[in-house]
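Participant: I would like the entire structure built from these sequences, with the hints used as guidance.
Protein chains in written order, with our numbering: chain A, 913 to 1163; chain B, 913 to 1163.
Keep in mind the hints are simulated off the structure, nothing from the lab. Incorrect hints may have been included.
The list makes no distinction among identical chains, and a pair is therefore deemed to hold if it is satisfied within one copy or across any two copies.
20 Å max Cα-Cα, derived EDC-like pairs, lysine to aspartate or glutamate [as the list claims (entries may be wrong)]:
#, residue 1, residue 2
1, K987, E1031
2, K1088, E919
3, K1026, E1094
4, K1108, D1160
5, K954, E941
6, K966, D1036
7, K1093, D999
8, K972, E1031
Number of protein chains: 2
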Amino acid sequence: MKRYYIEFSYDGSNFKGYQIQPGLRTIQEELQKTLKKINNNKITLVHASGRTDKKVHAYKQTAHFDLDIKITTDKLKRALNSYLPNDIYVYNVKEVPLDFHARYNVKSKKYIYKINLGEYCPTDRNYVYQCCHKLNIKAMRLAITYFEGTHDFRAFVTENKEKSNCVRTIYKASIKKSKMKENQYEICFIGTGFLKYQVRNMVGMLIKIGEGKSKPRDIVDILENPDCLAVIHKAPAEGLYLADVCYDVIM
Amino acid sequence: MKRYYIEFSYDGSNFKGYQIQPGLRTIQEELQKTLKKINNNKITLVHASGRTDKKVHAYKQTAHFDLDIKITTDKLKRALNSYLPNDIYVYNVKEVPLDFHARYNVKSKKYIYKINLGEYCPTDRNYVYQCCHKLNIKAMRLAITYFEGTHDFRAFVTENKEKSNCVRTIYKASIKKSKMKENQYEICFIGTGFLKYQVRNMVGMLIKIGEGKSKPRDIVDILENPDCLAVIHKAPAEGLYLADVCYDVIM
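Facilitator: Structure (structure tokens):
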């Protein structure tokens, strides 16, 4: 038995999220169906770095799985891509030690949220949130810095509020103007890990601040009072990309 | 009766092209269905600057139509976008003289063809041609200059070879590296007008040159012998965008 690590990208538009759910099209299911064909019809579990929600995309998602067959990484990459549907693509395959774990060994993750403040763009509608009105980017840039550091993000988790540990560290949070498209911005978070809906809720809070409905300092208040009942609307899924997953070991 | 000019964009992925065809989903049909609702249930013909093929996108397509009802351009824009599906968006509406014609008055058009020479990208699969191998861009940049000027483009038209007049003028043709994505290029043509499949055939020829299967000077030979039977494969539709339509009058 050998353990393999893969890096892959996907278009989340036509998936009900990463994780297997009976009767629904998921990324994990497509990967496992494909690996079953490669691995002598044996059910092969895929362990990703984490889940992504319905319609969320990935530029770099990572996973590991074990195979019984003998195959070179080059051939495995080709085999995976020849069976996978055209909205998933595996661009890197490596053999790793049997104690490597794609989720437990994660050191940091990066998420990018794309938002268009200009006129509606049909070709981007599944890939950039079409906000289509002006936001106070200056206020949002001040606000986003308050997310940096180690905080209890309980208030930014829509579900599972009973979750025991919502403390996470955000190393860097920033808002960049798109190099290519006018009126388009990329909101970027790098951290130890993110809770369910956390990024979309943080972006939702930033949009509220950009619209003048909240103040940048409100983020400080919410993070200091994680059990407060702040009204936060999560930003739509289509603007969100899992952009990087880093490990202690050099992959 | 008043005549209106519109500028609109669309995602061609789920359309069978611009022009109405019975039983198929087309952009013209969606526009006319919408205008019928606005124009007191009266059939309203839409005259675009020209057709685009199945799966071809538009950043800027233009059209005109006549309405009997009284409506401000602001209200008409809102009404159009509220009825149109989310893969078409009208971003400009103007009232124009009754002798304006969106096709006959065209002065020039611009097409952009997007091509990815790097690894396959799932989120771009419907918006950028996934060529996924290296091309000799230097040779292609020399080759593309031979398209500039006034030529008989008969050899670059897949169908309707009997067409009487295939003489067109290309003002400018260039290849730009994408500002945002590594290994992505934009092939750009500005000209008086383009024949059916002409841009995709010119791009197909450029790719052949980039692969070393033809030489840049072959374009000169083909243009000088328009009835030659050169083997040209048209590039896939998904990379193509109608990017601009210009008129004599300032619109």
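Participant: All hints, please: hold or fail.
Facilitator: Status of each hint after checking the structure:
no.	hint	result
1	K987 - E1031	between (45 Å within a copy, 16 Å between copies)
2	K1088 - E919	neither (25 Å within a copy, 29 Å between copies)
3	K1026 - E1094	both (12 Å within a copy, 19 Å between copies)
4	K1108 - D1160	neither (23 Å within a copy, 55 Å between copies)
5	K954 - E941	within (14 Å within a copy, 50 Å between copies)
6	K966 - D1036	both (17 Å within a copy, 18 Å between copies)
7	K1093 - D999	between (24 Å within a copy, 19 Å between copies)
8	K972 - E1031	between (29 Å within a copy, 13 Å between copies)
Going through the hint list in order, the structure does not satisfy hints 2, 4.
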